[in-house]
Amino acid sequence: MAPTHVLFVEDDDVIREATTLSLERDGFLVTAAADGVTGLAAFRAKQPDLALLDVMVPGLDGVSLCRRIRDESTVPVIMLSARADSIDIVLGLEAGADDYVTKPFDGAVLVARIRAVLRRFRVTADDDGANGGGQLSFGDIEIDPEGMEVTRDGERLALTPTEMRLLLEFADSPGTVLSRERLLERVWDYEWGGDTRVVDVHVQRLRAKIGQDRIETVRGFGYKLRA
0 MAPTHVLFVE
10 DDDVIREATT
20 LSLERDGFLV
30 TAAADGVTGL
40 AAFRAKQPDL
50 ALLDVMVPGL
60 DGVSLCRRIR
70 DESTVPVIML
80 SARADSIDIV
90 LGLEAGADDY
100 VTKPFDGAVL
110 VARIRAVLRR
120 FRVTADDDGA
130 NGGGQLSFGD
140 IEIDPEGMEV
150 TRDGERLALT
160 PTEMRLLLEF
170 ADSPGTVLSR
180 ERLLERVWDY
190 EWGGDTRVVD
200 VHVQRLRAKI
210 GQDRIETVRG
220 FGYKLRA
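So in numbering that gives the first Met the number 0, the last spot in the sequence shown is 226, and the numbers never skip.
Derived from the structure by calculation, the hints contain no laboratory data. Note that CB positions come from ideal geometry on N, CA and C, so glycine has one too. It is possible that part of the hints are untrue.
Stated by the list, open to error - DEER-style ranges, computed between Cβ atoms: (1) Gly58 with Val217: 41 to 51 Å; (2) Ile14 with Asp152: 41 to 51 Å; (3) Asp12 with Asp212: 42 to 52 Å.
My request is simple: use the sequences and hints to build the entire structure.
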């Protein structure tokens, strides 16, 4: 099996070189770029399996680069940010990123996040184990777990793998309130406490595609899919 190809865009020479070597030791093939413009060209030329983007890179910042990538592909994207409380984290998630890691980061944690995102990307209905294989209907929303397709009023929706996994989790328990912690564990494969902003932003993105009133917020508890 060919190694997983990671596009890594980072302007700090030390971080870029050290992280590239660390990822290569873990079996990844890495294409590194020092700015967003070069990163976008590399993405189009190399067609990597995953993009790892620092928020603050010259030429084309990481958030803008993420938007460009998302316009063309559903390939997994992980953002890197120097501050855990930065608005750039939310902006990156809203731009279409699947996850983020804050600096300084442990190499093992980064690899774990990459592998978790890749598992979501490669999930199939059989792997997921939820919903069986039959068509699911929620109002004007039709979900085909086997074909991994979702339509609204007959029009196919372009969901990222993370959005699809999130929707399948809701569809497996319609009308049931799912906590942010459960969604982090089930969708993001977090076995430790994670930032619930990841859940909130992805729910917002999913609502924008399937309908704002389809997923209800239950204050103090979480979210539920209206059956």
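Right, here's what the structure says about each hint:
| no. | hint | in the structure |
| --- | --- | --- |
| 1 | Gly58 with Val217: 41 to 51 Å | 43 Å, holds |
| 2 | Ile14 with Asp152: 41 to 51 Å | 46 Å, holds |
| 3 | Asp12 with Asp212: 42 to 52 Å | 49 Å, holds |
Violated hints for the displayed structure: none, as all numbered hints are satisfied.
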